[in-house]
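Enquirer: One-letter residues, chain by chain:
4 protein chains.
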Amino acid sequence: MNFTNPFLNGDGDDKLHEECGVFGIIGAPDAAAACALGLHALQHRGQEAVGITSFDGAEFYTRRGLGHVADNFSSAESIAELPGHMAGGHVRYSTTGGSGMRNVQPLYADLASGGFAVAHNGNISNAMRLKQELVSKGAIFQSTSDTEVIIHLVATSRYPTMLDKLTDALRMVEGAYALVVMTPRGMAACRDPMGIRPLVMGRLGDAVVFASETVALDVIGAEFTRQVDPGEFVEVDFDGTIRSHRPFGDTPARPCIFEHVYFSRPDSIFNKRSVYESRKNIGMELAREMPCDADLVVPVPDSGVPAAIGYAQESGLPFELGIIRSHYVGRTFIQPSDSARHAGVKRKHNANRKIVEGKRIVLIDDSIVRGTTSLKIVQMMRDAGAKEVHFRVASPPTGHGCYYGVDTPERSKLLAGRMDLAAMREFIQADSLAFVSIDGLYRAVGLAGRDKACPQYCDACFTGEYPTPLTDLANRKDREAQLSLPVNEDA
Amino acid sequence: MNFTNPFLNGDGDDKLHEECGVFGIIGAPDAAAACALGLHALQHRGQEAVGITSFDGAEFYTRRGLGHVADNFSSAESIAELPGHMAGGHVRYSTTGGSGMRNVQPLYADLASGGFAVAHNGNISNAMRLKQELVSKGAIFQSTSDTEVIIHLVATSRYPTMLDKLTDALRMVEGAYALVVMTPRGMAACRDPMGIRPLVMGRLGDAVVFASETVALDVIGAEFTRQVDPGEFVEVDFDGTIRSHRPFGDTPARPCIFEHVYFSRPDSIFNKRSVYESRKNIGMELAREMPCDADLVVPVPDSGVPAAIGYAQESGLPFELGIIRSHYVGRTFIQPSDSARHAGVKRKHNANRKIVEGKRIVLIDDSIVRGTTSLKIVQMMRDAGAKEVHFRVASPPTGHGCYYGVDTPERSKLLAGRMDLAAMREFIQADSLAFVSIDGLYRAVGLAGRDKACPQYCDACFTGEYPTPLTDLANRKDREAQLSLPVNEDA
Amino acid sequence: MNFTNPFLNGDGDDKLHEECGVFGIIGAPDAAAACALGLHALQHRGQEAVGITSFDGAEFYTRRGLGHVADNFSSAESIAELPGHMAGGHVRYSTTGGSGMRNVQPLYADLASGGFAVAHNGNISNAMRLKQELVSKGAIFQSTSDTEVIIHLVATSRYPTMLDKLTDALRMVEGAYALVVMTPRGMAACRDPMGIRPLVMGRLGDAVVFASETVALDVIGAEFTRQVDPGEFVEVDFDGTIRSHRPFGDTPARPCIFEHVYFSRPDSIFNKRSVYESRKNIGMELAREMPCDADLVVPVPDSGVPAAIGYAQESGLPFELGIIRSHYVGRTFIQPSDSARHAGVKRKHNANRKIVEGKRIVLIDDSIVRGTTSLKIVQMMRDAGAKEVHFRVASPPTGHGCYYGVDTPERSKLLAGRMDLAAMREFIQADSLAFVSIDGLYRAVGLAGRDKACPQYCDACFTGEYPTPLTDLANRKDREAQLSLPVNEDA
Amino acid sequence: MNFTNPFLNGDGDDKLHEECGVFGIIGAPDAAAACALGLHALQHRGQEAVGITSFDGAEFYTRRGLGHVADNFSSAESIAELPGHMAGGHVRYSTTGGSGMRNVQPLYADLASGGFAVAHNGNISNAMRLKQELVSKGAIFQSTSDTEVIIHLVATSRYPTMLDKLTDALRMVEGAYALVVMTPRGMAACRDPMGIRPLVMGRLGDAVVFASETVALDVIGAEFTRQVDPGEFVEVDFDGTIRSHRPFGDTPARPCIFEHVYFSRPDSIFNKRSVYESRKNIGMELAREMPCDADLVVPVPDSGVPAAIGYAQESGLPFELGIIRSHYVGRTFIQPSDSARHAGVKRKHNANRKIVEGKRIVLIDDSIVRGTTSLKIVQMMRDAGAKEVHFRVASPPTGHGCYYGVDTPERSKLLAGRMDLAAMREFIQADSLAFVSIDGLYRAVGLAGRDKACPQYCDACFTGEYPTPLTDLANRKDREAQLSLPVNEDA
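Residue numbers (my numbering), protein chains in the order written: chain U, 237 to 727; chain F, 237 to 727; chain C, 237 to 727; chain L, 237 to 727.
Errors might be hidden in some of the hints.
Given that identical chains are not distinguished, each listed pair holds provided it fits within a single copy or across any two copies.
To be verified - Pairs of lysine-lysine, DSBU-like flavour, derived with a Cα cap of 35 angstroms: (1) K251 to K713; (2) K688 to K590; (3) K251 to K590; (4) K649 to K508; (5) K595 to K251; (6) K508 to K595; (7) K508 to K623; (8) K508 to K590.
Hints were generated in silico from the structure; no laboratory data involved.
Kindly generate the complete structure, drawing on both the sequences and the hints.
Expert: Here is the structure:
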């Protein structure tokens, strides 16, 4: 079986990828089934592997698998292996570490204080350094996942309570994390001090639910209560008691703005705003900032659709499906050798020739990463007879890597990392190319603009301003410098 | 592996289903790879099984599998098992007969005249009677597929040439068929006298290509030449010679109008018209025939989108994604017992609450079959705060079964087969419900209206006027009548 | 899963192979479970594939699989798929035809007279000619098995009753067959006029049982009644009525003498004699005919053990396990390149060095086919320090192919087909080599000697005297002669 | 797939089971292939799981699987995953810990000092206590195997060199172990101070080989050098340097005497003696100690065969295969309900009726554990017509559990743990029953008799005299005593 991400194969995909989704529920008689359904709604956040751990008051049970949630948790048998009123789960794209089954979360350990399971969305940017220290003291790691560092820090903490141990551990950790933790005492959900990765909270009857996005609450019929705040630890006991802690005091929040641009589902609420409306707003900003004399607005489906609707409404141009997306993308295909050049992209996207033939079109996509797909889409429009192709992008140029749990190519492979606007336009062979401005993006999410002194979001992929130190990266560059090797800026 | 149709699980699907897609190519060095890619583009026509047969000048090779094309034909090894310059394939929903591997097409037999492989889209409505006659003469059937009847009729035909044998066989056959046939002499493509099921023809360099839809030509970069005409047999030799025959003379064509409504992909050209434009036109007709005082037009994605764009453009109401569709539908899930009633449909569709809250919405879907999904969608809109929900359907009421290769529920399960308009509206709990008229539908596909004396399309699912006799059905009703059993009208 | 025959891999095996075992039971409430157990006891007759068909009074059910009985029929689920009081099954080595699942027996067809299932041990030596005739009349074959010819002959027979149709069919057939047939009316067991392949009959309470060997009766606790006689058709109805027919009149029997030598299990009764005793007797004849001045008698385990016990008892030499056989032979292994030459054979057989060191040994094996294993075993004994190695074979030289359902190499690969005794001894590098005489073999099975005019057994593999015409072989040689190709004598 | 031990299913097996075999090779270009072949020859020591770890000078590679060696390591691909000149492997029956893949050895860890892999035959009898201490200091265990304790003790040792760390770790360990250890510096093999479990050493060209038994050397063509002595640590570097250490000084050896009785293959050399000869000797001792007036000696195959040959030779009674063993035991079968009672045992063993009918037989088996199989075998002989059945056992009564890596039932299930001789005879329904004496057993292995003051072997299963403390067992009994629960003597 082919377990690879169907969206990453061939040229059909050229996106940044959120690397994980987490879900937890406590106090529900069918916790594992709810968890499976919730993770299914988060499938877009990670398609490579999935795991669920449950607790029935006495034992922890774990089931992991490669592939999609539906490939692994659709049967009654699979759910019956996970008894109990508490369950937590994880979908995974790839993140730090290889792809073996032992890296599939939730990770679990029997500590002296009892069982401990954790599901983690994010990335710890000093994990290598912490691991070296732990191994030198005799710790044995079973995975290559950065998340296991957290478990070892908890296991070796001298503090008495689990909350104190966890706080002690997380104080040593730098980077981004949204955690769902299970112990025999209950569930805890934690978000890093800047809240880089999302985490929300809901209710389903007496049960308390945590999830990366509100759509996971919707699918199980839970009510969205509020987000877990940046730097907040929420503890939930089996009797339903909820306690909130802020062990790191108050620091300014910097949630990931790319959740609005692409990562979250449009029907989610992120940072108190509708993602769909944010995307439509970006399209409207783009129409105002970068208008275009054309006949049609055509989205690159599906991620470009909300911005294209916004662009069309603001510009008054008709919105048309000039590109049709297949529901059956599947994996890399053997290509017939003498077929047209673009069979790869055509498996996913096909021109709606009758619509675009002879027309001047505004193509709307959410972002440009390597630019390879954009080039092929522009070419496909021209092959279908489009007279002019104007490319409008619903985010600023993506010129910097992300170290907070997002799969980004090396800077040298990012189109905006190696070219200016004119060169990018030339590369994708569009008649014109324009991006929304960084301030336009901030306006679209309801702010007056970007606060340069203290940005309201993490926007490092656009600006290169990272909100945390990047210890492992710095160490690697030091080592490479000593070895006189060329240092790659953003790998 | 997922052997079941992901779209048919649970309540997330309530559609008529086209039951097959066929593809053939002759004269290409990598025929099997082109065939796999072409079938992939036809995946929406059948998700249950797939098969490809190739011929290398000496031997026929066949590979079959359950599930999607990408599950079975993505590897170089799978394609390498299918050498030769001629290949034909089939994707299958279910059609007549059980689901065993032996029913997966292309069917193949060693006849006295040599190898014979056939892929069939359609349904033979006197297959049972023909099979009884053949078995009584000593024929042994290896599948329960109606298509095997054709092979036995060819095998026992006394005519000398393959073309004559095939014509002889098809003269005995009643119903719908679009066939791709392979013999050691070359490829033949045949369409039944009324052309009920689609079949088109294209060119890729020196190779000749046949496919159920033009999108399968697009994906391999082939040029669309023309459709195979109703009643036409096209023979292609290995030297590229093409011969056209019309063994049944001229009969009026009756292609399936539901290809415009739902079956074909919007980017296909069917019966010389853009399917996307037909659907937009239906939406416009609907806006004219059944206007509505509302705030938003919301499509039931994805099949309702083109009609919704048409409705929005004609009515001037804004088009908004009030429902978000998941890309990861997967199979039936174990449901948490105390979750909201509608988790099933929510896995596929989720309300975009911020958009529909407090609004009067026009919901656009392509058709209503059982009505169960429609009810849940309406309820989902109300749960998300919609003030009014007006349901508009881009086809007339579907009140009759199809016997030409489409999976239809029994008439007693078709909403329009058991209720009038008022009852249907009550059933789905919409504030209003309206369907496009049958004449509106004919206008949308470019005609002045339906010609009652000689309808230009097969529209039996709407009108109950079947263009062929239905021998097996009549025989079954006779038998049931003799046994004094109640006869189900349309099962 | 192990699809290959573990005994055929590498050099560890150099035997003739019985190609099938059949089993049938009628009148038992758990027919399929008894059938699985019976086939398991016949596993040595065919390890490549297994199938069981059952009948519950209304429907036939079939389950097939590659590999061993235990791999496919150990679970309650697998047996539950096969309801009913009648079941028949088959284990298969390879026989005529490729290895696809469609060749796995029982074969089944829906005839005009109802369902018809057949399991066949043997080989039809005019199958190709019969198939050509059937195909030219329009028959379509689904397998490449010779057994399917019988089904088509039954299907096209003009006789009224099933017994008459089957007799009609078998009259056209030449070669060897032991058949278990199931129809909605009951079970029939047939053995070819000379009874080349074995078939016995037993009782388990009210149920009637048929099997290739008596061990299959033992394992289910059934009582051995008698053998099915050569040329006999036994019919058993669901009410327990048994009818015996002899449609071909009386012909002299010629059962396969190799069943005594190697094919049957030693605890079976074949042709009214204990196979174990026959083998011990052969060893005793060999000791008398070919005595040897040595220290020890060492069997090549396991098949050489009974003859070695006989040889030791008759000669007074001690019987010792000088070779130890592994229970875990498994499949071909990747060999370390610089290991000793004989790792292949050592996986199966290992010298018991302490026993053979410095000794003069008599090695006893049941037969020599290609001689490759014999050579390695002799070498292994010498490497372990044996002073002299005298090879004694408990059958005459095997110089001719078998066309009656036994897998034999081409004559040019049979050691005795290409060498005389002195050359054979030289080839296997033994100090002496001797075979039992053909008359000694006949004496060991209780006869005065071989009746040259009318041999009491089929011994064609030793004598080249085939008891039936070999039509397909003759046709092939004719064709090859016309093409001036060299003709292989016995392929 | 069924991964359970085919020999333990149903009643067909009633044996003590050696729980592991180990193999290691260093200095061979195709180390992993040799390792697979060696483990295959040790398959009888563990059928449940298998693993191999190799090292190519830079990286360690591991491949594990459930089932047999041949199921997991027969392909070139599987071996190609394990490059390098050093490889070590393990076959596993079950031993301490559950059956998950994470318990399959070799276990591996990245320590601060580099990679560390270990394969272990034996059992650590204070593993629970050591694990508690390690976990309380923050160690995280990934398996439930007692072997992991050794790794954590090495990881946390303060000594500088790997040899010192390992010695430090093993000083804390109590029980039985034969270890093959791999580090980036080379291979080490260690045997516990009393040498309870076996370990031998050999040469294959320049390569050094370690294995549980000499048959694993034979199969790869290696020369048997000597055994690893009790308490010896042998280090082998990549340059071929071999160093021997005895960190525990000299203690009297106590190797497991049951290796002679049943565990080792008859063609192995254990404790400097031929196992086959030991078994024949036991049979001879038994014939002298417990003669019998009978007609035949019949072994319970295969393990009873050598002792039966000895008994026959000493007594002058003929040796005959009165029981035939199937090569295809497979797993538990669904039994037909009304079949004879003994179908289970009959799948493995079948009476050779013609041989035993009307005869007085001496049945020879190697040991009696629960007695359930013995009862069935005796009954099978009577059903086949034996006039008298005298049971002779080639070991003393097995009345005590083993805690050194052997799977033993609770004492209450051992026939000799709950009955005296007369009751045992009554239970198995033999006409007479006798066991070899403990001194007879010691004589058979070449000693004057058992030295009561200082026994030359571990014979605790016969005598209850355990050569080491049993800390975990004692702790468990203490706990159970405090809870006033009944304590099972030997569980």
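Enquirer: My question is about K688 and K590: at a cut-off of 35 angstroms on alpha-carbon distance, are they close within one copy, between copies, both, or neither?
Expert: Between copies only: 30 angstroms across, 47 angstroms inside.
Enquirer: Between K595 and K251, at a C-alpha cutoff of 35 angstroms, which is it: within one copy, between copies, both, or neither?
Expert: This pair counts as both: shortest intra-copy Cα distance 27 angstroms, inter-copy 34 angstroms.
Enquirer: Up to 35 angstroms between alpha-carbons, please classify K251 paired with K590: within, between, both or neither.
Expert: both (28 angstroms within a copy, 26 angstroms between copies)
Enquirer: I want to check one pair: K508 and K590. Are their C-alpha atoms no more than 35 angstroms apart within a copy, between two copies, both, or neither?
Expert: between (41 angstroms within a copy, 11 angstroms between copies)
Enquirer: When no copy is named, should K649 and K508 be tagged within, between, both, or neither for a Cα gap of at most 35 angstroms?
Expert: within (34 angstroms within a copy, 44 angstroms between copies)
Enquirer: Could you figure out if K251 and K713 sit no more than 35 angstroms apart (CA to CA) within one copy, between two copies, both or neither?
Expert: within (26 angstroms within a copy, 57 angstroms between copies)
Enquirer: Taking 35 angstroms as the upper bound on the Cα-Cα distance, should K508 and K595 be classified as within, between, both, or neither?
Expert: This pair counts as between: shortest inter-copy Cα distance 21 angstroms, intra-copy 39 angstroms.
Enquirer: Could you figure out if K508 and K623 sit no more than 35 angstroms apart (CA to CA) within one copy, between two copies, both or neither?
Expert: between (42 angstroms within a copy, 23 angstroms between copies)
Against the hints set out earlier in the document, no violation occurs for any number.
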